[in-house]
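Please assemble the complex out of the two chains, which come individually in their own frames, going by the hints.
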Amino acid sequence: MPKIIFNTHDNKTHTVEVQNGLTVMEGAVQNDIPGIDADCGGGMACATCHVYVEDSWYDKLAQKDDGEEDMLDMAFEPKKNSRLSCQIIVSDELDGLVVNIPSKQG
Amino acid sequence: MNKTDALIIGAGPTGLFTAHQLKLIGLDCEIVDNLDKIGGQCIELYPDKPIYDIPAVPECTGEELTNNLINQIKPFNIKTHLGERVDEVKKDGENWFVKTNQGKTFLTPNVIIAGGVGSFEPRKFPPKECEKFENKSIFYSVKDKTIFEGKTVSIFGGGDSALDWAVELSKTSQVNLIHRRDDFRGAQATVDKVYELSKSGQINLYTKYQLTNVNGDNNLESIEIKNDNKEIKTIKTDFALGFFGLIMQLGPIADWGLNIDKKTVTVDTEKFETNQKGIYAVGDICSYPGKLKLILSGFHEGALAARACFKLARPNEKYRFEFTTSSKTIKDRLGVK
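Each protein sequence line maps, in turn, to chains W and Y. For the first sequence, my numbering gives the first residue as 2, with consecutive numbering after it. For the second sequence, my numbering gives the first residue as 5, with consecutive numbering after it.
Don't take each hint at face value.
Stated by the list, open to error - Derived lysine-lysine pairs resembling DSS-like cross-links, with alpha carbons at most 30 Å apart:
(1) Lys128(Y) x Lys230(Y)
(2) Lys132(Y) x Lys234(Y)
(3) Lys105(W) x Lys128(Y)
(4) Lys297(Y) x Lys83(Y)
(5) Lys267(Y) x Lys4(W)
(6) Lys83(Y) x Lys81(W)
(7) Lys197(Y) x Lys234(Y)
(8) Lys266(Y) x Lys13(W)
Because the hints were derived from the structure by calculation, they are not lab data.
Looking at chain Y on its own, in the form it has when it is part of the complex (with noise of 0.2 Å):
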């Protein structure tokens, strides 16, 4: 059992400085993510794009910030504990008892859900009847590569997970790779790797083709793909992978007991608390008056919740508000000097 004085859910910039201003006025926090890197939606749906809305800083992409905010945190040595999804949060006594679904627990007095848009799940395919055959003969990652030797594996996708494994699984399996246009996005020497191997018949390329069915009893035995003329084609495969990237769903923070409009919870905003004592949310997920989905917004909304959080953790003291600029417990708690 993890005890901390406040447990952040979700570790995309706003949880970032959430945790920074927790340190800032000395309270401790851990952070919990269900991805298994730091930097939620900016590293996750837009690491290259260009950012011109942070303040002092004209321009920065999404892993820009991210690494700029892990910097900034880093005098702190905060745990982080990635790849875990909190699945549980439930009132113990004073505390909120938290638990994630590797079977981590935590007890803290302050949760700050943090979580975006939720959490990020692989994209899957159309088709329900790929359900029955999901972690069997359907895939959406890779953990095991060696399960694929010697049989015929159909890939989907045209961005660089696709192409990666499409070259790497062509090594040791038959490989299929079917995506749903011409033009792949992914980089342009997997890209061209793609078209040598399709070539020397190492890889047997399917453009413009979606996948429509799947057959088979437990295991996959065939596949039918279709493409924009309806032409239906029957593939025999031992295994499906779809590469679609990832998708948010709000997923268990629906089960916690909070005010939930429209996938956002509904907080105040003088701490930014849900309609739960000791639960805040700050950042996309938070919904109230005029809020805008702005990482600014969540940069302000965190700072504001780890005060509150202040009262919670440390009863018996007084907050007392400090600049950086001149507090020497701050320098401390900084490290400098």
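This is chain W alone, in the form it adopts within the complex (with noise of 0.2 Å):
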């Protein structure tokens, strides 16, 4: 199963393993990944899994749709490796994936 990396806020790392076909933001909340509220529950409608994606990886996903970019306008603190971690769909090219945690979600 493919490994995804969160580093949280206070500077901890959490490596989980999510199934191919999950969302991040569904691996988080399976494993009690502090930071990802994800209140909409994964409809692209509320911006609370916002996460920041490594550099290095940002490239390799999948772009982003327009209805994804105007939740992250609503986002805390969005930056240019924001996402929306219940849009990234884990596969076995995301093995090692890393996302970082803002420090709040609003």
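Now the structure itself:
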């Protein structure tokens, strides 16, 4: 199973195995990773699963669609490497993906 | 003091259908919601997005679903208190005493929490220093636009609220519009208008900038904004307005003595009752083994919680199950022949 690495704001690293086909958000929620609220449950409607993708991984992800960019306008301190983790689907290619969780979600 | 058989907190789809179920079985109810409109997440988060998993409705938007539910409860004339957040729920003999932030009070044997993920609150500017200017020179909504006349107003955001206010306030104020990227998600006509006003110098447009700091003693004097290349600009301004939409906060629900786990309220699956007798939780806010956060699950949960309310509201009567297709009593309640 692909490993996803979450760095939380308190400088802790959480490495978890996430099944192919699940989203990074679901992987975080199932493993109780702090800082991913995912209030809307993956509907791209709340921006509370916002993460900063490690630069070396950013270009390897499938492109954002317009709806995701619109939601990121609402996110807390969005940056160039911001993504909604509910829109990143885990696959073997993403084994080792590193995402950083913002200090808060809103 | 309002007395009712059941008070529903939350006017989203689950709250509305729960109200329908209560009235159908002959109980009174009233609804309170913190938003100024009916519909909850459906209307606030995805009014235009299609939903495909409502039984027997192949496709409908959040707004259509809300309107259909409003129509469905229309025969019952249910009292709805909008723009009020329930702050207090406490035991009063056999009843629950409920108080809103506007001071409205209720006495009821049954409280049904259909609060989604809590109450919607505006998203705020990230810098902590913004707090001390809040409601003085920093706002997240506009109540009285006359205070901005002749002043400099810096508006943040890229959606309709930000653009509409930029256009509106540019008539009487000096307006700066600041957004984190070049694209705006507001209506095209408004976006065009903003560009037009920017060309003629009535709106100063700063794209790819975000707020990093605020300065001033009692009132805001200037703000600092930073772009992607880390260049910082200081702008003199009297006011800053942030339009970043709403976020859900569990809020006062956390203080009512309920068992809460990960922002949800633990319930049983027979009555959807919490650890407090007469307080139920239905829809996204409740949790139990196997819970699905689907609208259809909320409908089921509300129907069962409504039956449970009967016992406490009518202790001397026996609840009798009836079908809407055949019950004359139910048809009378619905006002159909």
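Hints, verified against the model:
1. Lys128(Y) x Lys230(Y): Since the Cα atoms of Lys128(Y) and Lys230(Y) sit roughly 17 Å apart, the hinted pair holds (cutoff 30 Å).
2. Lys132(Y) x Lys234(Y): Holds, at roughly 20 Å.
3. Lys105(W) x Lys128(Y): Since the Cα atoms of Lys105(W) and Lys128(Y) sit roughly 12 Å apart, the hinted pair holds (cutoff 30 Å).
4. Lys297(Y) x Lys83(Y): holds (27 Å)
5. Lys267(Y) x Lys4(W): This hinted pair holds, its Cα atoms lying about 27 Å apart.
6. Lys83(Y) x Lys81(W): Violated - the C-alpha atoms of Lys81(W) and Lys83(Y) are around 47 Å apart, more than 30 Å.
7. Lys197(Y) x Lys234(Y): Given that 30 Å is the threshold and the Cα spacing comes to 29 Å, the pair holds.
8. Lys266(Y) x Lys13(W): holds (20 Å)
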